[in-house]
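Using the hints provided, position chain H with the ligands relative to the given structure of chain E.
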Amino acid sequence: MTASVDIGNVDLTYKGVSGGVLALKGTTLNVERGEFAAVVGPSGCGKSSLMKLVTGLVPADTGEIVIFGDKVRGPVKIAGMAFQNPNLLPWRKVVDNVLLPLEIVQPHRQRFRSHKAEYREQARALLATVGLDGFGERYPWELSGGMQQRVSLCRALIHQPALLMLDEPFAALDAFTREELWCVLRDLWQKLRFTVILVTHDLREAAFLADTIHVMSARPGRIVMSKPVDLRRPRDLDICFEPQFIEIVHELRAKIAEVRQA
Amino acid sequence: MNTTLEKLSPWLFTIGIFVLWEAACRFFNIDTFILPSPSETFAAMAQHWWPLMRHSFVTLWTTMAGFALAVAFGIVLGLIVGWSRTIYRGLYPVMIGFNCIPKVAVVPILIMWFGIGEVPAILTAFLISFFPIVVNVATGLATMEPELEDVLRALGARKLDIMLKVGIPRTQPYLFGSLKVAITLAFVGTVVSETVGANAGLGYQIALAGSSFQMPLVFAALLLLAVEGIAMYAVFAYIEVYFTRWAFRSSMSAAA
Ligand SMILES: Nc1ncnc2c1ncn2[C@@H]1O[C@H](COP(=O)(O)OP(=O)(O)OP(=O)(O)O)[C@@H](O)[C@H]1O
Ligand SMILES: [Mg+2]
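If you read the protein sequences in the order shown, they are chains E and H. Residue numbers are given in this note's numbering: position 42 of the first sequence equals residue 42, and the series is strictly consecutive. Residue numbers are given in this note's numbering: position 1 of the second sequence equals residue 1, and the series is strictly consecutive.
Note that these hints are calculated values from the structure, not bench results. Predicted model only: the values in this text are computed from it and were never measured. Careful, some of the hints might be misleading.
[What the hints assert, rightly or not] Result set (EDC-like, lysine to aspartate or glutamate): computed pairs, CA atoms no more than 16 Å apart in a straight line:
1. E:Lys116 x E:Glu103
2. E:Lys227 x E:Glu32
3. H:Lys165 x E:Asp96
4. H:Lys165 x E:Glu32
5. E:Lys77 x H:Glu149
6. E:Lys116 x E:Asp96
7. H:Lys165 x H:Glu149
8. H:Lys159 x E:Glu103
9. E:Lys116 x E:Glu142
10. H:Lys180 x H:Glu228
11. E:Lys77 x H:Glu228
12. E:Lys71 x E:Asp61
[Stated by the list, open to error] To be clear about the criterion: a stretch of chain E counts as covered by chain H if any three or more of its residues have a C-beta under 8 Å from a C-beta of chain H, and this derived list gives those stretches:
13. 51-57
14. 70-77
15. 84-91
16. 100-106
We treat Cβ as the ideally placed atom computed from N, Cα and C, and that holds for glycine.
Next up, chain E with everything else stripped away, as it sits in the complex:
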């Protein structure tokens, strides 16, 4: 396996009117191709900033970020992203929301008009895999929060990105819906095998989904622990009650408590 995301000793400062904020300092992180990585850490430690760095939305002060062999200089053009807020466009039907990336990313962008029917079919099929069969022609406001988040996931995946960036995508959902969506994401990942970086506050979520869990220190953030999760695959929700799983969660919890103290 080759590295798909390689962050080498990166610093990041936000310049503001009342002085700069040092968000990341000496952050180093490696994610293999097809790996599911999770990032956890105390609030405000720079997890979202890390996502913006990897996708090239903000430039690093120092250090280097390499994605699939290419140094990141500007927005990366291939990453799918989803956030805590589904951010759907209320004037578009669900299926047209999912199709949005194809109107932007090459080579779909050029083919979009002529192959619209085909693309719509793809979008419907993807919606069906997340349990939204038949909801394509509805508007986002007709959907519940959990359903909107599924649409947001579909939008992040429709162009089959090599890299999926998720920033607390399930944080606003109730516990049952959240676990349901863990399984949706797990199945999509098992099938398509993209590289994922998932930012989360939920340690069980990280342990359930990820191959490796990276723990960040308080601001300025850097990776203080990278914990491989050697649980069997495929995982089902029952795994959350097994001693090995609970042990991993405990260990992460202790580490985060420790970095919050520091």
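Same frame as chain E, now just chain H with the ligands:
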């Protein structure tokens, strides 16, 4: 029963005001030169119906012309201002300053440039009504969710893509909301200009009738002006709901 009452209430209130007005005029025996009663006003309206019609029409079309200019110019300027922070910061003080200038002070200049006639009225309507459109369009662009922008930029979207796919559609409720405000302002602009210097229009009629103490005619013209304003407001309120139904249904609400 309650809903029919609610539907009728605008009419009931309007009639109620006229009744109160009429009663006050009769009870306190108010002189027609001070405040003509509604019956006198309507009588004047019937008597002078032809000039009033003609002037109403002039005011209506000059207002619509000025308003149309304001919409076109306001949308373009709003998009430019909302596009870039630098332009926003540069232009905003200038626009605020411009908006603070009473337009009645500009009318004599316009009359000097373009002569007495419809042109100053159109331009005054334009000058007074484009500002809320610019501000609302720019606000619609500027309040775009940064995360949504991130999603698109991480796909390699250029600024123009983001504007076309997200910025401009999401500006629509702000735009249509501002049109209701702008159209009433446009009427104010037209009438101000017509009052200062014109040879047609309701403003001209008001000034003319006022100078010969025909108070019932003044009030008749004022009433017609109010009717035109309400009618146009209703038209744009309807257009707003029609074009931005999604904004009324989803939580995103339009700016006034
Ligand atoms: N656009 C910005 N301008 C200035 N400072 C910023 C900006 N974005 C983030 N910061 C600062 O950078 C630090 C890290 O922010 P970031 O959003 O990456 O944290 P986070 O780990 O995602 O937090 P949370 O878990 O609460 O989402 C914070 O202290 C914040 O104040
Ligand atoms: Mg965050």
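Each hint tested on the structure:
| no. | hint | in the structure |
| --- | --- | --- |
| 1 | E:Lys116 x E:Glu103 | 10 Å, holds |
| 2 | E:Lys227 x E:Glu32 | 14 Å, holds |
| 3 | H:Lys165 x E:Asp96 | 11 Å, holds |
| 4 | H:Lys165 x E:Glu32 | 34 Å, violated |
| 5 | E:Lys77 x H:Glu149 | 13 Å, holds |
| 6 | E:Lys116 x E:Asp96 | 10 Å, holds |
| 7 | H:Lys165 x H:Glu149 | 11 Å, holds |
| 8 | H:Lys159 x E:Glu103 | 14 Å, holds |
| 9 | E:Lys116 x E:Glu142 | 24 Å, violated |
| 10 | H:Lys180 x H:Glu228 | 13 Å, holds |
| 11 | E:Lys77 x H:Glu228 | 53 Å, violated |
| 12 | E:Lys71 x E:Asp61 | 14 Å, holds |
| 13 | 51-57 | holds (count 4) |
| 14 | 70-77 | holds (count 3) |
| 15 | 84-91 | holds (count 5) |
| 16 | 100-106 | holds (count 6) |
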